[in-house]
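Okay, so the sequence shown: first residue is -4 according to my numbering, each after it adds one.
None of these hints come from the bench; they were simulated from the model. All C-beta atoms in this analysis are idealised placements derived from N, C-alpha and C, irrespective of residue type, glycine included. Among the hints, a few may not be true.
[Unchecked claim] Distance condition first, Cα-Cα at most 25 Å in a straight line; then the derived SDA-like pairs of lysine to any residue:
| hint | residue 1 | residue 2 |
| --- | --- | --- |
| 1 | K370 | N268 |
| 2 | K249 | N268 |
| 3 | K195 | I151 |
| 4 | K370 | I151 |
| 5 | K135 | D115 |
| 6 | K303 | R137 |
| 7 | K223 | R309 |
| 8 | K104 | E150 |
| 9 | K67 | Y34 |
| 10 | K303 | L24 |
| 11 | K223 | I197 |
| 12 | K294 | L317 |
| 13 | K195 | R137 |
| 14 | K352 | K104 |
| 15 | K258 | I333 |
| 16 | K303 | I151 |
| 17 | K223 | P347 |
| 18 | K367 | Y344 |
| 19 | K368 | F315 |
| 20 | K223 | I147 |
| 21 | K352 | F315 |
| 22 | K352 | L330 |
[Stated by the list, open to error] Now the in silico label distances, taken between C-beta atoms and shown as ranges:
| hint | residue 1 | residue 2 | range |
| --- | --- | --- | --- |
| 23 | A194 | T80 | 20 to 28 Å |
| 24 | L337 | D131 | 26 to 34 Å |
| 25 | R149 | M287 | 19 to 27 Å |
| 26 | F275 | E196 | 29 to 37 Å |
| 27 | D131 | E256 | 16 to 24 Å |
| 28 | Q66 | T369 | 25 to 33 Å |
| 29 | H88 | K134 | 15 to 23 Å |
| 30 | E196 | K223 | 17 to 25 Å |
| 31 | P347 | L310 | 46 to 54 Å |
| 32 | E256 | T325 | 38 to 46 Å |
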Amino acid sequence: MQLLIEEHIVLLLSQPMPSDSVMQNVRTLLSGSSGPIDYVRLFQIANLNQVTPLLYKNLSAFQMVPQGVMQKLRTHYVANIQRNTAHLDETLHIIDILRRAGISSIPLKGSFAAETLLGDIGLYPTSDIDLLVQRDDLKKARESLIATGYEISREISEQDQLSDTNHLRFHRNKTVLELHWNLVIRYFRADPDYWWEDAKEIEYRGHRIFQLSHEKLLLYLVFRLFSKGFLPLRFFMLPLGIVSGRNMAFDWDKFMRYAGELKMERLANFAINLLQDIFFAEIPEAVQRSRMPGYELIKDRVMAGLFKSRVNTRLRMVMFLLLLDSPVDTFRVLLRRIFPPLAEVRLRYNLPRGSLKVLPYYLLNPFLMLFKKTKRL
């Protein structure tokens, strides 16, 4: 796929630890030898993909970008540091509250991941707090959060969240918190206890907290990348933080074994090849597998969506269902996407429980899948 110069620069710099060869490629592009750079478009592409803080950090290595552009990117970076610091403080506060109630919890993505995986709390834009708790602790955790001043979000009914998602959503003032009891849903199946089997307790900023193993964290992040339709570029950052981690112990054999246990081998293989092809991530030769039939077609579909302001996310997912290990699972999920349970219809179209609109939306769903495009920003 032919990229614009601005798209190429943003793509190459949307990784936390670009290699020397990647930086040299960017330097060549910035020199103008391939054509003039439209910095307004460059910023728009980065903003569309929610990577402006990371672009600021990586472009700071060059003295070739107009000062006004760098200042605008820096403003995003500083604002993100402030927002993420507040989110991290609240995350640790909630973890302590749950611990005092006898509940273990694991922070997912967000500010914690930005600091531990990327080494800089300001690089990864976050919008909410995500914690994993054990299924048996969900009721007690719910009560603890409500006692702290959080409320269950009413945009989606609690019954629908419990029956058709893997989390409960809470809010307090402008803070949104999602309490997960599982990390995969719909496309793949895992016992909720699966994620805790090799979790470990660590010391972090004076707090004792649990952390997913790096292998299961990458598995979850690959699923999340898939479930979000491989966009925006922001969702590639944390997987790249693990894959590119210079000082991080990572067992690739264990990761692939875990992928096999969840019937995610095909998806895991695609994601690894994608990280290698797009970002030049260094993947051990022993892990590299032959590319699946249709790999280039699906890769082009991923790439094409990254730079569009409006995309048909549901239709994109139909093609991505080819990444499921079993044709039976592909058919099962496709059938469910066309004829979803009513709870999923309400979730998909933000309908309150009891709304009479659920039937028209159910009937229109196949057509909306084909034709409705969503504005990304």
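Right, here's what the structure says about each hint:
For the hint pairing K370 with N268, the CA-to-CA distance comes to about 28 Å; that exceeds 25 Å, so the pair is violated. Pair hint K249 plus N268 holds up; C-alpha atoms about 18 Å apart against a cutoff of 25 Å. Annotation: proposed proximity of K195 to I151 is violated, straight-line Cα distance about 33 Å (limit 25 Å). Proposed proximity of K370 and I151 is supported: the alpha carbons are some 21 Å apart, at most 25 Å.
A hinted pair counts as satisfied when its Cα atoms are at most 25 Å apart, and K135 with D115 does not qualify at roughly 33 Å. For a cut-off of 25 Å, the pair hint linking K303 to R137 is broken: about 39 Å separates their Cα positions. About 10 Å separates the Cα atoms of K223 and R309, which keeps this hinted pair within 25 Å; it holds. The hinted pair formed by K104 and E150 meets the criterion: a straight-line CA distance of about 23 Å does not exceed 25 Å.
The straight-line distance between the Cα atoms of K67 and Y34 is roughly 11 Å, inside the 25 Å bound, and the hint therefore holds. Restraint check for K303 and L24: satisfied, since their Cα atoms lie roughly 22 Å apart, inside the 25 Å limit. Between K223 and I197 the alpha-carbon distance is near 30 Å, which puts this suggested pair outside the 25 Å criterion. Of the pairs offered as hints, the one joining K294 and L317 holds, with about 12 Å between alpha carbons and a cut-off of 25 Å not exceeded.
With a CA separation close to 23 Å, the supplied pair K195 and R137 stays within the 25 Å bound. With a CA separation close to 35 Å, the supplied pair K352 and K104 exceeds the 25 Å bound. About 22 Å separates the Cα atoms of K258 and I333, which keeps this hinted pair within 25 Å; it holds. At roughly 29 Å between alpha-carbon atoms, K303 and I151 are farther apart than 25 Å, so this suggested pair is violated.
For the proposed pair K223 and P347, the alpha carbon gap of about 23 Å is at most 25 Å, so the pair holds. Distance check on the hinted pair: K367 and Y344 sit about 12 Å apart at the alpha-carbon level, within 25 Å; holds. A distance of roughly 17 Å separates the Cα atoms of K368 and F315; the hinted pair therefore holds under the 25 Å criterion. This hinted pair checks out: K223 and I147 have alpha carbons roughly 24 Å apart, not beyond 25 Å.
As the CA atoms of K352 and F315 are separated by approximately 29 Å, the hinted pair breaks the 25 Å bound. With a C-alpha separation of about 21 Å, the suggested pair K352 and L330 falls inside the 25 Å cut-off, and the hint holds. Taken as a hint, the range 20 to 28 Å holds for the pair A194 and T80, whose Cβ atoms sit roughly 25 Å apart. Evaluation of the 26 to 34 Å hint for L337 and D131 yields a pass: the beta carbon distance comes to about 28 Å.
As the Cβ distance of R149 to M287 is approximately 43 Å, the hint placing it in 19 to 27 Å is violated. One distance hint, 29 to 37 Å for the beta-carbon pair F275 and E196, holds here, with the actual separation near 35 Å. Taking the beta carbon of each, D131 and E256 are about 22 Å apart, inside 16 to 24 Å as hinted. A beta carbon spacing of about 31 Å between Q66 and T369 agrees with the range 25 to 33 Å that was offered as a hint.
Checked against the given bound of 15 to 23 Å, the beta carbons of H88 and K134, roughly 21 Å apart, stay inside it. Taken as a hint, the range 17 to 25 Å is violated for the pair E196 and K223, whose Cβ atoms sit roughly 30 Å apart. Between P347 and L310 the Cβ separation comes to about 26 Å, which falls outside the hinted range of 46 to 54 Å. The supplied range of 38 to 46 Å is broken by E256 and T325, whose beta-carbon atoms lie about 19 Å from each other.
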